[in-house]
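> Produce the complete structure using the sequences and hints provided.
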Amino acid sequence: MDKKLQLTDDILLSVEKPARYLGNEINVIHKDTSAMAIRFALCFPDVYEIGMSHVGLAILYDFLNRREDTYCERVFSPWSDLEAIMREKGLPLFALESQDPVKDFDFLGFTVQYEMSYTNILNTLDLAGMAVYSKDRKEEDPIVCAGGPCTYNPEPLADFIDFFYIGEGEATLPVILELYKAHKAQEGTKDDFLVKLLDIDGIYVPKFYDVTYKDNGEIEAFTPNHPHAKPSIKKQVVMNMTDAPYPSKPLVPLIQTVHDRVVLELFRGCSRGCRFCQAGMIYRPVREKDVDVLKKQAKELIQNTGHHEISLISLSSSDYSGLQELTEYLIDEFGNDKHVNLSLPSLRIDQFSLDIMNKVQGVRKSSITFAPEAGSQRLRDVINKGLTEEDILNGAGEAFQGGWTRVKLYFMLGLPTETFDDIDAIAKLGQDIVEEYYKLPKEVRKRRPQIVLSTSFFVPKAFTPFQWSPQNPYETFMEKQDHLNKKVNKKNIKYNCHDAKTSMLEGVIARGDRRIGQVIYAAWKNGATFDAWSEFFRFSHWDDAFNRTGIDPLFYTVRERNYEEILPWDFIDVGVTKAFLYQELQRANEGKVTPNCMDGCMNCGAKGFGGGICYVD
Amino acid sequence: MLIRIKFAKKGTMKFIGHLDLIRNFQRVFKKSGFPIAYSEGFNPHQIMSIGAPLSVGVTSDGEYMDVKTTENIDCLTYCDILNRHTPTGLVIISMTELPDKAKSAMALIDAAKYKVTLKHTVITEKMINKLMTMEEIMIHKKNKKNVMREINIKPGIFHMALPEPHTLILLLATGSHMNIKPEVVLQSLCEVNDIPYDKYDYTVHREEIYYKNDQGFMPLNHV
Ligand code: SF4
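Protein sequence lines, in the order shown, are assigned to chains A and B. Take the first sequence: its letters are residues 1 to 617, numbered as in this note's numbering. Take the second sequence: its letters are residues 1 to 223, numbered as in this note's numbering.
Mixed in with the good hints, there may be bad ones.
[Said to hold, decoys possible] Not the full set, but computed from the structure, chain A residues with beta-carbon under 8 Å of chain B: (1) Asp10; (2) Leu12; (3) Asn24; (4) Pro245; (5) Lys249; (6) Val252; (7) Leu254; (8) Gln256; (9) Val258; (10) Gln303; (11) Thr305; (12) Gly306; (13) His307; (14) His308; (15) Gly335; (16) His339.
Rather than coming from a laboratory, the hints here were simulated on the basis of the structure. Glycine included, each C-beta is placed from N, C-alpha and C at the ideal position.
As structure tokens, then:
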């Protein structure tokens with residue numbers, strides 16, 4: 001009955017959390033590996049507990065394993081303790097289900113969710129016993145592909161990945177796999193296969209494109225070097241979310257992960273158009289799932305996992321048209337004696353949401369969260385965050401009346417056009433919320449209010465109106481943070497500070513071109529891995545990498561681009577047009593707000609996908 | 001209704017620590033529709049308690065957990081139902097109804113029986129005798145305040161036998177009064193006999209947990 005394991009007992013017992021490496025979760029899928037036409041290693045390049053909490057990975061795992069000819073297995077980054085042992089003993093990186101080496105697979109696919117995981121991608125390739133540069137890999141090595149939000153600007157990873165799929169995996173992967181099966185039967189070379197991929201929409205094969213640069217460092221030309229390479233790569237999406245496959249028996253880890261809960265995806269996309277938000281643009285248009293399907297899924301998922309929590313996810317859950325019906329159903333079905341908690345992140349705080357939270361949270365009230373992003377109304381208009389001071393103060397006031405005493409607020413420092421007045425407004429907003437609390441009659445003020453202000457640093461992203469905008473230099477970020485720290489009245493307000501070094505690196509990679517690949521490589525060679533973990537992050541690895549490659553990070557961060565410049569990701573077509581994004585940038589500079597898609601279509605370009613919110617009257 | 005569940009933790013389940021084991025049981029109860037009772041209050045949780053947590057790396061055929069249900073159930077039927085929902089390696093062996101005022105498993109435990117299987121180290125009867133005829137077996141152990149203390153584990157070793165050349169059977173004090181782990185005994189055995197101790201050279205399996213009454217050591221499900 002004992003499962004085949006790659007690691008021996010003494011190794012497993014000498015590392016932290018051995019259960020990360022066993023592949024023995026509830027609902028794990030086991031297939032006869034000898035009978036599989038395609039073996040797919042799906043990698044989330046971070047530690048197990050993070051990767052296992054990511055719903056996108058669960059969706060792809062389920063989706064790929066629905067195919068009888070395919071066996072999709074998971075790969076995560078081994079934690080540093082195990083990595084040291086693997087390197088010392090020369091053990092290969094393996095996939096969890098079969099425990100077979102990654103090198104034996106047909107595909108190694110990365111899901112790329114954040115820039116600070118890039119060195120882990122290189123490390124994964126290396127631990128698997130493969131060359132990190134595509135050009136150096138062998139014919140028998142797996143084909144390496146990548147998808148996910150970061151790959152909408154694929155260029156920083158272009159030298160390491162054989163092909164990218166731009167858009168949602170469910171849309172593109174079946175075509176790729178069919179093609180691969182035919183190709184495998186004909187025993188072609190890896191190159192033959194990559195050439196065949198050029199005919200498929202949404203696929204980008206970097207080696208079939210050349211980039212040249214001007215003396216000033218800007219891109220001179222980005223040109224296909226193969227007759228079949230498309231000049232523009234069109235994002236592929238699933239238009240019918242209601243009928244899209246969704247895992248009904250998701251994996252349940254035997255150890256605690258970041259989120260141990262059932263996840264319901266309400267819709268994809270976002271109709272709000274916040275100008276800093278990449279997800280809000282690249283996932284357009286909004287595509288909702290039918291409420292009845294969600295009800296059915298909730299029931300099945302609780303039944304098949306035994307979880308005690310259901311979480312509704314999407315970019316802005318309050319915008320879901322069936323929210324009231326769904327939450328009422330979930331409270332009736334699972335509340336009270338069934339002991340299932342409902343968690344509702346990304347809800348706007350208003351009377352309706354407070355009512356729901358009152359019902360689900362009962363006596364135990366956790367905090368209320370607002371994400372105004374900017375302190376002043378002027379700046380909120382610049383970023384098109386449709387949340388007014390009145391909304392916040394009323395929401396907080398109602399929450400206080402309802403018995404909540406903890407309020408969290410999220411902001412960004414360094415947004416375009418920001419001045420120190422805007423930063424002062426953050427402190428003032430915190431103070432105004434405190435005062436809102438003291439407006440309550442004395443009898444009901446049982447505890448001191450707790451206001452938590454958190455700021456992150458603004459990183460301009462590709463495919464947003466701010467893709468042309470300068471990012472603040474490191475020193476400015478820290479100066480702004482210090483300024484705010486001094487302004488905050490510490491009596492009832494807590495302010496969380498950070499270091500801006502990783503934001504600066506994110507800024508370089510997010511708008512990086514192909515040359516940034518060398519920096520990532522050099523940083524990894526210097527020992528950078530798990531950069532998203534403060535305990536591992538060493539800026540010196542990166543600083544040295546910039547010096548050695550002669551690449552100036554400031555060229556990518558603080559520089560303002562002009563409209564004529566060829567941006568590294570211009571060849572990707574996400575639906576939303578460059579003209580629309582530029583128009584939005586101009587409106588931002590004029591402080592003009594742009595309506596939600598539900599209140600009026602601005603013809604952003606996403607209508608071309610032929611469905612979703614763009615066609616709702 | 002109070003129920004004592006006896007279960008085994010085998011195979012890869014040995015890598016799952018105590019808190020995660022509890023979480024897994026919580027999900028098994030939920031999935032299977034087991035009518036487990038929840039506590040009252042702000043943060044209701046299932047009423048269950050596991051006696052004598054097992055160390056990571058150790059397998060067992062004799063683990064116990066007490067639970068409370070909201071209704072009377074047929075133990076045999078639920079034994080099957082629960083087993084359909086447990087992760088591989090976690091097996092419910094039996095379920096026994098407890099009298100209303102039964103002491104909890106946790107409070108009851110006096111001893112546990114372990115089977116230690118050695119790969120290379122050779123143990124002989126003579127070595128065992130050498131250890132067991134000593135008046136005191138002193139070891140260094142950290143107490144709860146993290147201060148090193150010397151304690152005599154001799155009174156906690158109830159029985160030691162060598163049925164086969166590579167198999168050591170140990171009956172050791174377990175629970176709140178005295179808690180002796182098999183690796184400590186093995187370490188002392190090696191030390192006294194001047195042979196090297198290798199913590200990766202053996203596996204430990206817990207066979208049973210006991211309480212003591214006039215008749216001697218009784219398995220916990222003997223009520
Ligand atoms: S085309 Fe109109 S409705 Fe559709 S996403 Fe763009 S702005 Fe919104």
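> Which hint numbers doesn't this structure obey?
Of the numbered hints given earlier, those the structure breaks are 4, 5, 9, 15, listed in rising order.
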